[in-house]
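> If you read the protein sequences in the order shown, they are chains A and B.
Here the numbering used here = 1-based position in the first sequence + 20.
Here the numbering used here = 1-based position in the second sequence + 34.
Since the hints were derived computationally from the structure, they do not count as laboratory data.
One should not assume that every hint holds.
Said to hold, decoys possible - Facing chain B, according to a computed beta carbon distance under 8 Å, are these residues of chain A, among others: (1) Ala154; (2) Trp157; (3) Val173; (4) Tyr243; (5) Asn250; (6) Val253; (7) Ile260; (8) Ile261; (9) Trp264.
To be verified - Stretches of chain B that chain A covers, calculated by requiring three or more beta carbons in the stretch to come under 8 Å of a beta carbon on chain A: (10) 64-70; (11) 77-83.
For each residue, glycine too, the CB sits at the ideal point set by N, CA and C.
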Amino acid sequence: MELEKFTYDNKISRLFLNATIFWAIVAMLVGLLIALSLILPQVSGGVPYLSFGRLRPLHTNAAIFAFVGNAIFTGIYYSLPRLLKTPLFSEMLGRINFWGWQLIIVMAALTLPFGYTVGKEYAELEWPIDIAIAIVWVVFGINLIMTTLKRRVKHIYVAIWFYIATFVTVAVLHIVNSISFPVSFLKSYPVYAGVQDALVQWWYGHNAVAFFLTTPFLGLMYYFVPKAANRPVYSYRLSIIHFWSLIFLYIWAGPHHLLYSALPDWVQALGVVFSVMLIAPSWGGMINGLLTLRGAWDKVRVDPVLKMFVVGITAYGFATFEGPLLSLKTVNAISHFTDWTIAHAHIGALGWNGMLTFGMIYWLLPRLYKTKLFSVKLANVHFWLATTGMLFFAIPLYFAGITQALMWKEFTDEGFLRYPNFMETVVQILPFYHIRLLGGLLYISGVVVMLYNVLKTVAAGTFARFEGDSAPALSAAYPAGRGHRLLESRPLQFTLLALIAILIGGIVQFVPMFMVKSNVPIIESVKPFTPLELVGRDIYVREGCYNCHSQMVRPFRSEVERYGDYSKAGEVIYDHPFQFGSRRIGPDLARAGVTGSLVYKPALWHYNHFLDPQLMVPESIMPKYPFMIERDIDLGITPKKIRTMQKLGVPYPEGYDLTANDDLLRQAGEIAALLRNDGIDIAATREVIAMIAYMHRLGTDITKNTSE
Amino acid sequence: MRLARSVLENMDGSLNILAIIALIVALAFFIGMIIWVISMKASTVEEHSRLPLTDDSGDAQVLAETDDRNTPNDKK
Chain A
21 MELEKFTYDN KISRLFLNAT IFWAIVAMLV GLLIALSLIL PQVSGGVPYL SFGRLRPLHT
81 NAAIFAFVGN AIFTGIYYSL PRLLKTPLFS EMLGRINFWG WQLIIVMAAL TLPFGYTVGK
141 EYAELEWPID IAIAIVWVVF GINLIMTTLK RRVKHIYVAI WFYIATFVTV AVLHIVNSIS
201 FPVSFLKSYP VYAGVQDALV QWWYGHNAVA FFLTTPFLGL MYYFVPKAAN RPVYSYRLSI
261 IHFWSLIFLY IWAGPHHLLY SALPDWVQAL GVVFSVMLIA PSWGGMINGL LTLRGAWDKV
321 RVDPVLKMFV VGITAYGFAT FEGPLLSLKT VNAISHFTDW TIAHAHIGAL GWNGMLTFGM
381 IYWLLPRLYK TKLFSVKLAN VHFWLATTGM LFFAIPLYFA GITQALMWKE FTDEGFLRYP
441 NFMETVVQIL PFYHIRLLGG LLYISGVVVM LYNVLKTVAA GTFARFEGDS APALSAAYPA
501 GRGHRLLESR PLQFTLLALI AILIGGIVQF VPMFMVKSNV PIIESVKPFT PLELVGRDIY
561 VREGCYNCHS QMVRPFRSEV ERYGDYSKAG EVIYDHPFQF GSRRIGPDLA RAGVTGSLVY
621 KPALWHYNHF LDPQLMVPES IMPKYPFMIE RDIDLGITPK KIRTMQKLGV PYPEGYDLTA
681 NDDLLRQAGE IAALLRNDGI DIAATREVIA MIAYMHRLGT DITKNTSE
Chain B
35 MRLARSVLEN MDGSLNILAI IALIVALAFF IGMIIWVISM KASTVEEHSR LPLTDDSGDA
95 QVLAETDDRN TPNDKK
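Next up, chain B with everything else stripped away, as it sits in the complex:
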């Protein structure tokens, strides 16, 4: 603890370096994430995004009664 305190207290101007390192790390993380997300397979993304729509097997009948827009979903 004492070491950390003395390091922090003696940094003064060099604190700027910390800020620049933080900026680079954060930017790298977000750019990496965007590349990662863009490179995801379209079929996988489509499959994942449909997850909420595969769970109404039990109440499909009610949906049909309640309003006409909710038709049972395509089951894979």
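Here chain A stands alone, though its shape is the one from the complex:
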């Protein structure tokens, strides 16, 4: 058979590899800063751009989309052409993918600290950036599919199935979850509201974990682990079962983020069942990865690449055991809204994604630069820093999570909450936050050690941009295979089937949720926000308050005692976006407006608390918001906001956009007058007035008489 000669271009992989290391350091530094601000809230210094609520989305977005995202592209652009025995379809599209992705990251890094956010976790970026993401992602997808089409091997290796599933699913998730109506260039409201928005968001959020942090890395595992161990994957049959089961089951599991919430029970039940089933394919993948090292365990002892792979895959096994565990309602009742979730997420991010990325970098570097790694010893030091860093990060947070949950739920013999003051439960876990910070420091120092090792290796070698290879042409007369072989030899049909597999779960959950009215029972007394409350809500979203405060009272006695009546789906039908939150670093605010409840505070208290939280609650770890007292509300945009809300189905009267500001000023004047009575002289148009209005509206609808 005649061999055709061709070359692989390593340039795109190298670009992505450099970006991976750069963004890893940025993401982790921001992580360190926000971990520090939970111990020393003064570090934000009242500067809006440095508050926890604005920087936490920057940290998560940078870690997921910048660090892990660039790592995914590094691995895919390296392995794809080699597995298919063909150069990349288009180097130009590859470069557009690279520079487009970096531009998106820079835009994210610029907009998030400035408070431009949609207010949905891991999907915070505003609509122009969302459109850019969709375009760049399609560019990547075209390159992926077209390279697969012009391959020289008949069989498409399992790693590429995972890449294709990643492309297809992330595209669907991103587009469906990001649909919103723009109010202005950098402000929009999601089309979904309340529990429906929550369902879509956590379908997205959970599957961002599944199809951005998991499937592409499983693809990388199926390529780089066999390469590093120099032996084929343990069971190729298992990998087929692993692939189809994983992508089919994962998409159903999103509702486990909303257990005990106002989401209908049947959706919660589906989320639990599929989450529990997920352990089978997840562990199938983990076993397949680890057993690939059978007969090579002696090498694991000395080779930092294999060590990192082993810890990474073990962390994957741990996280995917913990995931189903956390999805059980009894466990979730304790874990949800606590640091347990944060610990779980970081076992995945630092262990699975981090370790696999580092292993891949150490493996790639000598090959890209045709030299030896500068120091295997330093790579081993990095391995230990990363492993201990991960443990010092996660273990204290497990203790913190369980401690705080138990304190929230504890009653005295007389039947009162033992810790009615939320602050007590925060003070109790602060020591764990110190150790977590140490864990983060260890982990990032490992990355700095790696950076040094990388720079020295690069300096010693010369970049081998092109690598030659040869293979026979894929003959058109190649006899057609049967069964799965037939399927996976046709990438377009394969992509379509993968798309169907991932659509089923979403459709089964979404269609009844959006079409059957009984899923969101109407509550007569629930009315749209007043213009001032709406402005307050927008500030609440802008400041990322949902990163620390939930708005979802679960139907537990401990929560009803502490916060008031449990939340109902009908109460949040005008919430574009929903603000249930996922962590209670501070107390729940769903009933913050209900006078007489433990969480209700008068206007003067809120004023002073925004100005300086530590003034009102000395142990508080909330950042200061003095700028809310100095800044004026933008009245010019109110009519646009009202019109956009009307388009979304919020029943403001016809023509209300023109008179909304009158109502806004009237309500603001009342609050300002209240404050003046207490000796605070403040203009009615200040942002803090809108925040107070919003706080005092929260949860009050169901306490009103409908005849009013």
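Since the structure of chain A is provided, determine the placement of chain B on it from the hints.
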């Protein structure tokens, strides 16, 4: 849309049938897949699983320099 909505809203108890159908379809799919995978020819599976190990012709020399475990693979 209206038809779909009314069908869904009037299903009530019969929703259970949907769940059972879904279970049977899903089970059939997975059992079928397992039979399919088990019946694959061993030589084919072996050939497919070796795909990542056939691409280092260009950097075999570097592998040998970097560490001793990476020897060039058998070429078919």
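> Taking the hints in turn, state whether each one holds.
Cross-check of the supplied hints:
A cut of 8 Å between beta carbons decides the hint on A/Ala154: the least distance to chain B is about 26 Å, and the hint is violated. Annotation: A/Trp157 was flagged as interfacial toward chain B, and the flag is violated, the nearest CB pair being 25 Å apart, outside 8 Å. For A/Val173, the suggested interface contact is upheld, since its CB lies about 7 Å from the closest CB of chain B, less than 8 Å. Interface hint at A/Tyr243: satisfied, since its Cβ lies 5 Å from the closest Cβ of chain B, which is below the 8 Å cut-off.
For A/Asn250, the shortest C-beta to C-beta distance to chain B is roughly 6 Å, which falls under 8 Å, so the interface hint holds. With 8 Å as the threshold, the beta carbon of A/Val253 comes within range of chain B, its nearest partner Cβ sitting at about 5 Å, so the hint holds. The restraint placing A/Ile260 at the interface with chain B holds, with a minimum CB-CB distance near 5 Å, inside the 8 Å limit. The interface hint given for A/Ile261 is met, as the beta carbon of that residue sits about 6 Å from the closest beta carbon of chain B, less than 8 Å.
Given the 8 Å rule on beta carbons, the hint for A/Trp264 holds: about 6 Å separates it from the nearest Cβ of chain B. Requiring three or more residues with a Cβ within less than 8 Å of a Cβ of chain A, the coverage given for the region 64-70 of chain B holds, as 4 such residues are present. Counting residues of the region 77-83 of chain B whose C-beta lies closer than 8 Å to any C-beta of chain A gives 6; at least three are required, and the coverage claim holds.
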